[in-house]
Amino acid sequence: MLRIYILFILAGIAGTTHAQVDTVRASTLPPAQLAEKLYNSGVTKYNSKSYQAAIQDFDKALAARPDFAKAYYNRATTRYELKEYSQAVQDYDAAIRLEPTGHTSYFGRGQAREAMGQRTEAEQDYTKATETKADFAPAWYYRGALRFEKGEYQAAKSDFDQALKADPNYAYAYHDRASAQRQLSNFTAAIQDYTKALTLQPDLLPALLNRAATRRRAGDLKGAIADYNDYLTKKTDNAIAYSNRGSARYEAADYRGAAEDFSKALSLNASYTFAWNNRAAAYLKLEDYKKAVADASKAISLNPQYAEAYLNRGHAREMIRDAGGACQDWRKAAELGLEAASSYAANSGCGSE
Amino acid sequence: MYKLFLFAILLFAQAAHAQSVEFSKDRFGDNKEGLKAALREMKEGDGSYDMDPPRYEQALPHYLAAQKFNPDNAELNLKIGDCYLHSGFKPRALSYLQKSYKLSPDADPRIHYLLGRGLHLNGKWQEAIAEYKAAQPASGGKNTAPILADIRKKITECENGQKMSKKPVRAFIDNAGPSINSPYADYSPVISADESVLMFTSRRDNSTGEQTDPETGGFFEDIYQSTRTGQKWAAARNLKAPVNTDGHDATVGLAPDGQRMLVYVEDNGGDLHEANLRGAEWRKPQRLGARINSKGHESSAAYTPDGRSLYFVSDKEGGLGSRDIYKVELEGRGPALNLGSTINTPYGEEGVFLHPDGKTMYFSSEGHNSMGGYDIFKSVFENGKWSAPENLGWPINTPDDDVFFVISASGRHGYYSSFREEGLGGKDIYQITFLGPEKPPILSQEDQLLASRIQPIKETMLAPPVPIATAQVTILKGVVTDDVTKQPLEATIEVIDNQRNEVIASFLANAQSGRYLVSLPSGVNYGIVVRQEGYLFHSENFDLPAGAAYSEVIKDIGLKKLDVGVKVVLNNIFFDFDKATLRRESTSELERLQKLLTEAPALRLEISGHTDNVGQSAYNKDLSQRRAKAVVDYLVGKGIDKARLTFAGYGDAQPVAPNGTKAGRQLNRRTEFKVTGK
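Protein sequences, first through last, are from chains B and X.
Sequential numbering of the first sequence, starting at 1, is according to the numbering used here.
Sequential numbering of the second sequence, starting at 1001, is according to the numbering used here.
The hints are simulated quantities; they were obtained by calculation from the structure and are not laboratory data.
The beta-carbon is built from N, C-alpha and C at its ideal position, and this holds for glycine as well.
Where hints are given, some of them may not hold.
Which stretches of chain B does chain X cover? Using the computed rule of at least three CB atoms under 8 angstroms from a CB of chain X, they are [as the list claims (entries may be wrong)]:
1. 173-182
2. 222-231
3. 244-254
Just chain B, same shape as in the assembly:
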């Protein structure tokens, strides 16, 4: 019986968990193992990112030994890298047929299916992976992410719990559990988890933005703005971050500061619709109604279905004595689903303007 050492190459848990290939230590192999040699050559090529060449090696290895589960698995992984997802799924199928207990195959197939948009099937595969190996953190994590995206925040949180049980240093799992907590309105817990994620991985800057947004929701505007400031000293090219700090400043009644942030966001991305809309709101508060109308109009020109921008422009138009225009905008906002807008219209004499 040969002892085969398997090396896991985990190139960072994040995102690249699927880039996992096995290698067989050549020194322990008997001389005539052609398939294994080809296989190892494939692994080397994979690691040097020569994916096409790697596939050719795995092809040959499989020709030499059709029941070589690991070769299927590695070819699948390589195909995933080449974004040939459906072929990747076929290879994972073959690997699973040959080796039904390979949790990484389920996991890899889940990733490929997710990439193809087959979320239900992907979730089933992640489930299978966790059933096969309960302490396989990535499977829990990715299933949690899928559940999060379905709005099942409690279930997502349980999955992230399991991921962290399996790997207590899993920064992404902390981050995403924080997001689940936030969606569940457990703001204190969310802030703790974002903080932990940042401790484990200080360059995980979205955690700062998300912690800021959570602090804002929890009513800690000062803390929120501090986090945005921190983020913006590290990363100055993110329009979303400026816009979101603007929103926090707006909520702190610093309308001038808010308008500056929205302007900065727009200088970074002139087609950032939210920033146009938000600056319109800030100008409304600053009683600069003409500018508010202009900004909201710009947001509407970028997205003619932007209900909030119609609503805000309606407010501004009312103040510049354009009652007819205001009514039109409120009605449009209502038509696009903002219920409050229809009561604004009804209570502002619309219809008799």
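For this one, chain B is given, so just place chain X on it according to the hints.
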């Protein structure tokens, strides 16, 4: 040396700046003529200023002329300030008073109080409080109690103003424009509920008799009227005789339908009169009875929307202090009742107005939490009592008098008059557009909530919606005509509470135009019956649940003469759902039908039931027939000869509107009668 020189200049400059300049030859020796003229103006001004009571407005132009000659006399500046404090443009007083104080802080012992007034009237609350405090006499002295009480009240007013001006009411306040306002005083606007008619008082130069009042100098008051088309008011026209006379004639109140007007006439200490509109002509105003008019001063009044009661203001004896608001039933015999201490205060109340919802009263008061002078307040009559009056807030109310305020049925527009620098001269009429609470803008933001995903997730930061109070009244208006000739009819419009089977109000459509307007406060199932001698009655139904928001319904009504073949829909006959059982609310309509048959013994009717096209045709036909029979049974039960009545169920066979819409189906579900013989 240089330093010393500079110091000397500074000293000189300061002294020159802060010293009162006397009207003396020493000072103005080089302009003796000018000095003489200025002194003459001073003397003329003093003549009016020193009268008891002082005639500030007459003194003012003379003082201003003298001040032009010598702007730096402390005493004169103080007098000008004092005159302005008693004029329309009170805020102008401040700069003169401040100047007087700067020139000579001790020129007049009243200076701190007057400065307090000047600052108060300019909305400089904190500084005003400081001056009022400085004006407080040492307690214990002779006659200090009323002075202290006055100052304490003024300080409280400043505190109220300070609070309210921090949270301004969102409203546009617009001059009603040159078609309404003149360079003279224009005030006391009253409106019909739908804002189609505006009447007001003006002292412009084309007043009836073209005489000026010897006491105040201005032209006598006359009443003017304007009508509105779209957003524009037509040029106001003088109502002429018999409403306007050579003396003072002033508007006080207008019924919601604009067919009755309350007029203030300055006799018997100030009395209230009432005028009726017949066709296009206003009849001569008639004095209201002794239950309303006393020897005292009755100055303001408003009709309840049913036209049956009157709220009015009087300073007659027995009130709670100064002027109070009373309520009286016009047709009753009982005395006028004081509204009590929730509304009336030891201070003055004035300018009462009742919203067409029948329960919201607007009035002005110098008491409650006024920010100075009269402020406008609102109170709602609910569960048998008036709510605590609510100040309409800054900037509608100001530190000066804000009074004679009226509001449209929609609650959207208010009208009142005030002195404003931007006006057309004198007091002007202003239209207030209430914008309601701030409408919160909505911001959008997105966050990247999953570390392994790059797609941001959008979220909308939505401020919670704010409740918006709207008027809870429906205005029903239109024109009543002969259905065939289309001639307007002066028909009677009865408003009936179907639940209580009671006529709650009755109005006449205008004889010339056929126009009518009724206010229907929410919370009642109304039957509206329009009748005219020689015509069959017409009935409408408005079932308005409590809390139903404001709406305006235009319904033109054609009355039909009694002829064979004529059909009339009985809109106030109600059945239990899916049954042929008459509901109690139908009583009023059934009694009307019974009366019609009794009064016209030869009349024969077919009562028919109709449904919409929902459900099985055969079933509908049967139900409608049973329902028609139920009406006939009722009438026979009340003694109407069976032979005069037939019944039929037509189901959905005779629709009067397309069944495609909810409104159409509602019109089709009906009970009607057809004249089969007369």
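*Hint check against the structure, violated hint numbers in rising order*: Checked against the structure, the only hint that fails is number 2, while the rest are satisfied.
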